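Let the sequences and hints guide you as you build the complete structure.
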Amino acid sequence: MRKVDPGKIKMAGIVSIVSHQFKTPLAIIKGYLEVLLSGDCGEINVSQREYLSDALENVKRMSCLIENLLDISRIEEGQFKVKLRAVALEKITEQVLKNLSTWIKANNCDIVLKKPKRLPRVLADPDKICQVVQNLVTNAVIYKTSRGKVEITLKKVNKEVLFICKDNGVGISRKDFDRVFSKFYRSEDAIELNPSGSGLGLYISKAIIELSKGKIWFTKNKKRGTVVTFSLSVAD
Amino acid sequence: MEKKKQKILMIEDDPFTRKLYRNKLNLAGFDVDEAISGEEGLNKVRAEKPDLILLDIILPRKSGLDVLIELKGNEKTKDIPVIILSVLGQVQDIKKGLTLGAKDYLVKSEITISEVVAKARECLKNKKL
Ligand SMILES: Nc1ncnc2c1ncn2[C@@H]1O[C@H](COP(=O)(O)OP(=O)(O)OP(=O)(O)O)[C@@H](O)[C@H]1O
Ligand SMILES: [Mg+2]
Chain W
1 MRKVDPGKIK MAGIVSIVSH QFKTPLAIIK GYLEVLLSGD CGEINVSQRE
51 YLSDALENVK RMSCLIENLL DISRIEEGQF KVKLRAVALE KITEQVLKNL
101 STWIKANNCD IVLKKPKRLP RVLADPDKIC QVVQNLVTNA VIYKTSRGKV
151 EITLKKVNKE VLFICKDNGV GISRKDFDRV FSKFYRSEDA IELNPSGSGL
201 GLYISKAIIE LSKGKIWFTK NKKRGTVVTF SLSVAD
Chain F
1 MEKKKQKILM IEDDPFTRKL YRNKLNLAGF DVDEAISGEE GLNKVRAEKP
51 DLILLDIILP RKSGLDVLIE LKGNEKTKDI PVIILSVLGQ VQDIKKGLTL
101 GAKDYLVKSE ITISEVVAKA RECLKNKKL
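Sequence lines, in order, name chains W and F.
According to the numbering used here, the residues represented by the first sequence are 1 to 236, in order.
According to the numbering used here, the residues represented by the second sequence are 1 to 129, in order.
Please note that a few of the clues may not be correct.
To be verified - Capping the alpha-carbon separation at 25 Å, the derived lysine-lysine pairs in BS3-like fashion look like this: (1) W:175 x F:62; (2) F:24 x W:60; (3) F:108 x W:60; (4) F:62 x W:183; (5) W:30 x F:108.
What the hints assert, rightly or not - Over 10 Å on every C-beta distance to chain W, these chain F residues come out as not near it, computed from the model: (6) 6; (7) 7; (8) 122.
Hints are computed from structural coordinates only; laboratory data are not their basis.
All values derive from a computational prediction rather than experimental measurement.
The beta carbon of each residue, even a glycine, is placed where N, CA and C say it ideally should be.
See below:
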């Protein structure tokens, strides 16, 4: 463990130390569950499999939460770093959609991606932007009450590339367009539709976009739902 | 003669927690009904007259404590025993729950599922006398 003078650590520092210490036991639990599920310790029946899978899913949920808390404490200590380089936003978006495709289908949602034939690369940190795209897409898929239709558009406007994600979900009222970016904020709708969310995704996404010198904001979808847009500078 | 099963209403928003307790309580011979928000919980209490309520505190729209206040303030529902089952374990949370009329206050991380079932049994046994 890091050596620290206990008198000197700020709250954010405590969060970061404790979060790191959570990681080891969690990784162990995850590993044990995976071994049990693999059948290496003997065959397991259907209901045992179901219980073990639920346990594993919740361990992963906790790992995610810890990663988010660590990001937040880094952001607040000014330690959150992005390494900007030229990246192809459409490649990142396609990759995220591919990774999530099974989950998106299971969640009763169709997604289309619209992009021009040629799109310039943008200045960004690929891993971090991947995190942003993933959070925006998950939000668009989850926060709905009927079949989801999500449209993602990439386009160049002046010296920027815009990522625009339009959904037909429950929407956000205009007065909350800023509030959704604050830590832990979750609407009543959201709590009901997705009890396991933490309300940290947009806070972290905004930090990432702003550190990449871009902007992120919400607008209303004319018909129903929400439009979230972020902009990043063209690299080349 | 077939004994009528006693009915427990679980007001809890987390699907995994519901599944866990539903299965265990069913095995223990109870009928289990579920509500995922405070509002839905109150409606179900009125409609289904459960013998016991397991109540979570952090719930969407209406908190468990508000539900408890409404239940205890109504002639028709004030005698239904309520056991609070929450992640909140600070002394002041527990005091508040008990002052508002809960039979018991169980902290999720400090109690096993079997103990919850035992508490429910105990509560319902006393109720019959
Ligand atoms: N596409 C959307 N449609 C409707 N509401 C949304 C949408 N995106 C975000 N929100 C609202 O903004 C809140 C904050 O979103 P954010 O992604 O930060 O957290 P979360 O999704 O609740 O949890 P997590 O940290 O797991 O992502 C949501 O809880 C929801 O109320
Ligand atoms: Mg989110």
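Hints, verified against the model:
A hinted pair counts as satisfied when its Cα atoms are at most 25 Å apart, and residue 175 of chain W with residue 62 of chain F qualifies at roughly 22 Å. For a cut-off of 25 Å, the pair hint linking residue 24 of chain F to residue 60 of chain W stands: about 24 Å separates their Cα positions. A hinted pair counts as satisfied when its Cα atoms are at most 25 Å apart, and residue 108 of chain F with residue 60 of chain W qualifies at roughly 19 Å. For the hint pairing residue 62 of chain F with residue 183 of chain W, the CA-to-CA distance comes to about 21 Å; that is within 25 Å, so the pair holds.
For the given pair, residue 30 of chain W sits about 21 Å from residue 108 of chain F by alpha-carbon distance, which is consistent with the 25 Å threshold. With a minimum CB-CB distance of about 25 Å to chain W, residue 6 of chain F clears the 10 Å threshold, and the non-interface call stands. The beta carbon of residue 7 of chain F is kept farther than 10 Å from every beta carbon of chain W, the shortest such distance being approximately 24 Å. Separation of residue 122 of chain F from chain W is adequate, the least Cβ-Cβ distance of about 26 Å exceeding the 10 Å criterion.
Checked against the numbered hints given earlier, the structure satisfies every one of them.
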